[in-house]
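**Student:** Sequence:
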Amino acid sequence: MKNFLIYTLATITGIILASIIFFLIMIGSLSAMVAAGDKKVSISENSILVLKTNVQIPDRSDPNPFAGLDILNMTITPATGLNDILNNLEKAAADPKIKGILIDNGIMPSGWATMEEIRNGLKKFKESGKFVIAYSDYALEQQGYYLSSAADRIFINPSSTVDFKGLAGEVMFYKKALEKIGMEVQIIRHGKFKGAVEPFMLDKLSDENREQIKDYVGSIWNHTVKMMAESRGMTEERINELADKLMGTVSTDALEAGLVDGLLFRDELDDTLKVLSGLSTDDKINFVSMSKYTKVPDPKKVLTVKSRISVIYASGSIVMGKGNTTNIGGNNYSEIIRKERLDSTVKAIVLRVNSPGGSAIASDMIWRELELAAKVKPVVISMGNYAASGGYYISCPG
Numbered sequence: 001m002k003n004f005l006i007y008t009l010a011t012i013t014g015i016i017l018a019s020i021i022f023f024l025i026m027i028g029s030l031s032a033m034v035a036a037g038d039k040k041v042s043i044s045e046n047s048i049l050v051l052k053t054n055v056q057i058p059d060r061s062d063p064n065p066f067a068g069l070d071i072l073n074m075t076i077t078p079a080t081g082l083n084d085i086l087n088n089l090e091k092a093a094a095d096p097k098i099k100g101i102l103i104d105n106g107i108m109p110s111g112w113a114t115m116e117e118i119r120n121g122l123k124k125f126k127e128s129g130k131f132v133i134a135y136s137d138y139a140l141e142q143q144g145y146y147l148s149s150a151a152d153r154i155f156i157n158p159s160s161t162v163d164f165k166g167l168a169g170e171v172m173f174y175k176k177a178l179e180k181i182g183m184e185v186q187i188i189r190h191g192k193f194k195g196a197v198e199p200f201m202l203d204k205l206s207d208e209n210r211e212q213i214k215d216y217v218g219s220i221w222n223h224t225v226k227m228m229a230e231s232r233g234m235t236e237e238r239i240n241e242l243a244d245k246l247m248g249t250v251s252t253d254a255l256e257a258g259l260v261d262g263l264l265f266r267d268e269l270d271d272t273l274k275v276l277s278g279l280s281t282d283d284k285i286n287f288v289s290m291s292k293y294t295k296v297p298d299p300k301k302v303l304t305v306k307s308r309i310s311v312i313y314a315s316g317s318i319v320m321g322k323g324n325t326t327n328i329g330g331n332n333y334s335e336i337i338r339k340e341r342l343d344s345t346v347k348a349i350v351l352r353v354n355s356p357g358g359s360a361i362a363s364d365m366i367w368r369e370l371e372l373a374a375k376v377k378p379v380v381i382s383m384g385n386y387a388a389s390g391g392y393y394i395s396c397p398g
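In my numbering, the protein residues as written are 1 to 398.
Wrong hints could be hidden among the right ones.
Below 30 Å or equal to it, Euclidean Cα-Cα: the simulated DSBU-like pairs (lysine-lysine) are [said to hold, decoys possible]:
| no. | residue 1 | residue 2 |
| --- | --- | --- |
| 1 | Lys295 | Lys284 |
| 2 | Lys375 | Lys339 |
| 3 | Lys226 | Lys245 |
| 4 | Lys339 | Lys292 |
| 5 | Lys97 | Lys130 |
| 6 | Lys52 | Lys292 |
| 7 | Lys204 | Lys165 |
| 8 | Lys284 | Lys123 |
| 9 | Lys284 | Lys306 |
| 10 | Lys126 | Lys295 |
| 11 | Lys292 | Lys126 |
| 12 | Lys274 | Lys295 |
| 13 | Lys339 | Lys126 |
| 14 | Lys204 | Lys306 |
| 15 | Lys176 | Lys40 |
| 16 | Lys176 | Lys194 |
| 17 | Lys226 | Lys130 |
| 18 | Lys295 | Lys52 |
| 19 | Lys192 | Lys175 |
| 20 | Lys40 | Lys284 |
| 21 | Lys292 | Lys204 |
| 22 | Lys97 | Lys123 |
| 23 | Lys124 | Lys284 |
| 24 | Lys40 | Lys375 |
| 25 | Lys52 | Lys40 |
| 26 | Lys124 | Lys274 |
| 27 | Lys175 | Lys194 |
| 28 | Lys274 | Lys306 |
| 29 | Lys123 | Lys274 |
| 30 | Lys306 | Lys97 |
| 31 | Lys40 | Lys165 |
Beta-carbon label-pair distances, calculated as ranges [said to hold, decoys possible]:
| no. | residue 1 | residue 2 | range |
| --- | --- | --- | --- |
| 32 | Arg308 | Ile187 | 42 to 48 Å |
| 33 | Glu335 | Asp62 | 17 to 23 Å |
| 34 | Val311 | Ile16 | 46 to 52 Å |
| 35 | Lys245 | Val380 | 40 to 46 Å |
| 36 | Lys339 | Glu237 | 36 to 42 Å |
| 37 | Ser42 | Ser280 | 21 to 27 Å |
Derived from the structure by calculation, the hints contain no laboratory data.
None of the values given here were measured: they were computed from a predicted structure.
Ideal placement from N, C-alpha and C gives every residue a C-beta, glycine not left out.
With the hints as extra help, turn the sequences into a complete structure.
**Tutor:** See the structure below:
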């Protein structure tokens, strides 16, 4: 019995010590990774900046040093925010080491407003005389095609397709399903156009909700058609015709219709990029990711503390309390706005809104502080992919 207890105690002690050592090694490794990630980097001559669209692009890069941490692979690959992407495009336009940009399309989870801002940034980049090439190994979705239409040329894999068919809105209804399981929903709403709760109280779209969905979907499509027509040298009627006839379904049809400029495998794309960059066939292309280029110092960036414009990012649902990095805490944001209002070095406030709304009380708290701020300094509202309900309400003081 005594030997058993000694053996058990030794085993437990060994497990505890091993866990502590493993934990310390993990902390050391993560600290080293974070420290390495914070270092300024330099890039080689004849580099190509790569914009990947297969990840969710937030409005702002996450300041958390452990954002994008992959424990299994011991890597940190944070998503580059819209703010850094736009800054990178502006910086790359004046950087002699950057020869052009490759839009490497994938399955695109980001919204239309995000694509619109990046697209405008690409158009400004092209004014520098450098090239922008778009490519896709996969099905090139409509948002990806809209972004890619700003490029000089669009290439897809010979087996790829262009998912070009127009826009539609879809609503799923749960009223009958809830009735079958005996669940009753208590709904409080004001106004016929408050359509968010309709799936729980109706079997089909109300006339008002149908009207507003049709209006905003049609507005997005009409705008994108106009922009694509200008970029691709087509009429708006032709763009709509290509969508109606699903001319992007087969890659050869997409090429013949002028939706794309070529069907290339990845190695053929590399050869094209080498020619555009002035490289020989044997040279290696230096691809630079957005996250890496963010760490390249901007020689034109000058900081000053005498006067500044405060940019506040309001992303996620609006909640009571302090909230966290994924939502908008009413108490926290009220305090931030109040602080910026009272700071004499802050000459204006920009509120970037990307929110579906949430708590009415928290929204009211934020609205009040923005209203007070607007009385003493300019308050500008920038809306992202959506500013609905409380998200629109807090935008009203601007």
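**Student:** Each of the hints needs a verdict: does it hold here or not?
**Tutor:** A quick look at each hint next to the structure:
Using a Cα cut-off of 30 Å, the hinted pair Lys295 and Lys284 holds, with the two alpha carbons roughly 22 Å apart. A distance of roughly 15 Å separates the Cα atoms of Lys375 and Lys339; the hinted pair therefore holds under the 30 Å criterion. With a C-alpha separation of about 18 Å, the suggested pair Lys226 and Lys245 falls inside the 30 Å cut-off, and the hint holds. Between Lys339 and Lys292 the alpha-carbon distance is near 33 Å, which puts this suggested pair outside the 30 Å criterion.
Between Lys97 and Lys130 the alpha-carbon distance is near 11 Å, which keeps this suggested pair within the 30 Å criterion. Our distance criterion of 30 Å between C-alpha atoms is met by Lys52 and Lys292, whose separation comes to about 13 Å. At most 30 Å may separate the alpha-carbon atoms for a hinted pair to count; Lys204 and Lys165 meet this at roughly 24 Å. With a CA separation close to 27 Å, the supplied pair Lys284 and Lys123 stays within the 30 Å bound.
About 46 Å separates the Cα atoms of Lys284 and Lys306, which puts this hinted pair outside 30 Å; it is violated. A distance of roughly 22 Å separates the Cα atoms of Lys126 and Lys295; the hinted pair therefore holds under the 30 Å criterion. Annotation: proposed proximity of Lys292 to Lys126 holds, straight-line Cα distance about 21 Å (limit 30 Å). At most 30 Å may separate the alpha-carbon atoms for a hinted pair to count; Lys274 and Lys295 meet this at roughly 25 Å.
At most 30 Å may separate the alpha-carbon atoms for a hinted pair to count; Lys339 and Lys126 exceed this at roughly 40 Å. A threshold of 30 Å between alpha carbons decides the hint, and for Lys204 with Lys306 the separation of about 57 Å lies outside it, so the pair is violated. Restraint check for Lys176 and Lys40: the C-alpha separation of about 58 Å exceeds 30 Å, so the hint is violated. Distance restraint check for Lys176 and Lys194: the Cα-Cα separation of roughly 20 Å lies within the 30 Å cut-off, and the hinted pair is therefore satisfied.
Of the supplied pair hints, the one linking Lys226 and Lys130 holds, its CA atoms being roughly 24 Å apart against a limit of 30 Å. A distance of roughly 17 Å separates the Cα atoms of Lys295 and Lys52; the hinted pair therefore holds under the 30 Å criterion. Taking the CA atoms of Lys192 and Lys175, the gap is about 18 Å. The hint holds against a cut of 30 Å. Proposed proximity of Lys40 and Lys284 is supported: the alpha carbons are some 23 Å apart, at most 30 Å.
Pair hint Lys292 plus Lys204 does not hold up; C-alpha atoms about 49 Å apart against a cutoff of 30 Å. Taking the CA atoms of Lys97 and Lys123, the gap is near 19 Å; set against the 30 Å cutoff, the hint holds. Between Lys124 and Lys284, the direct Cα distance comes to roughly 28 Å. Compliance with the 30 Å bound is thereby established for this hinted pair. In summary, the hint linking Lys40 to Lys375 is not supported, as the alpha carbons are separated by about 41 Å, beyond the 30 Å threshold.
For a cut-off of 30 Å, the pair hint linking Lys52 to Lys40 stands: about 22 Å separates their Cα positions. Simply put, Lys124 and Lys274 have alpha-carbon atoms about 23 Å apart, close enough for the 30 Å limit, and the pair holds. The straight-line distance between the Cα atoms of Lys175 and Lys194 is roughly 17 Å, inside the 30 Å bound, and the hint therefore holds. The straight-line distance between the Cα atoms of Lys274 and Lys306 is roughly 46 Å, outside the 30 Å bound, and the hint therefore fails.
Simply put, Lys123 and Lys274 have alpha-carbon atoms about 22 Å apart, close enough for the 30 Å limit, and the pair holds. Of the pairs offered as hints, the one joining Lys306 and Lys97 is violated, with about 33 Å between alpha carbons and a cut-off of 30 Å exceeded. Taken as a hint, the Lys40 and Lys165 pair is broken in the structure, with Cα atoms around 44 Å apart against an allowance of 30 Å. Checked against the hint of 42 to 48 Å, the pair Arg308 and Ile187 passes, with Cβ atoms roughly 45 Å apart.
For Glu335 paired with Asp62, a C-beta distance near 21 Å keeps the hint of 17 to 23 Å intact. Distance hint for Val311 and Ile16: a CB-CB separation of about 47 Å, consistent with the stated range 46 to 52 Å. Range check, Lys245 to Val380: Cβ separation about 43 Å, and the 40 to 46 Å hint holds. Checked against the hint of 36 to 42 Å, the C-beta distance between Lys339 and Glu237 comes to roughly 53 Å, which is inconsistent with it.
In this structure the hint that Ser42 and Ser280 lie 21 to 27 Å apart at CB holds, the actual value being about 23 Å.
Consistency with the previously given hints fails for numbers 4, 9, 13, 14, 15, 21, 24, 28, 30, 31 and 36, ordered from lowest to highest.
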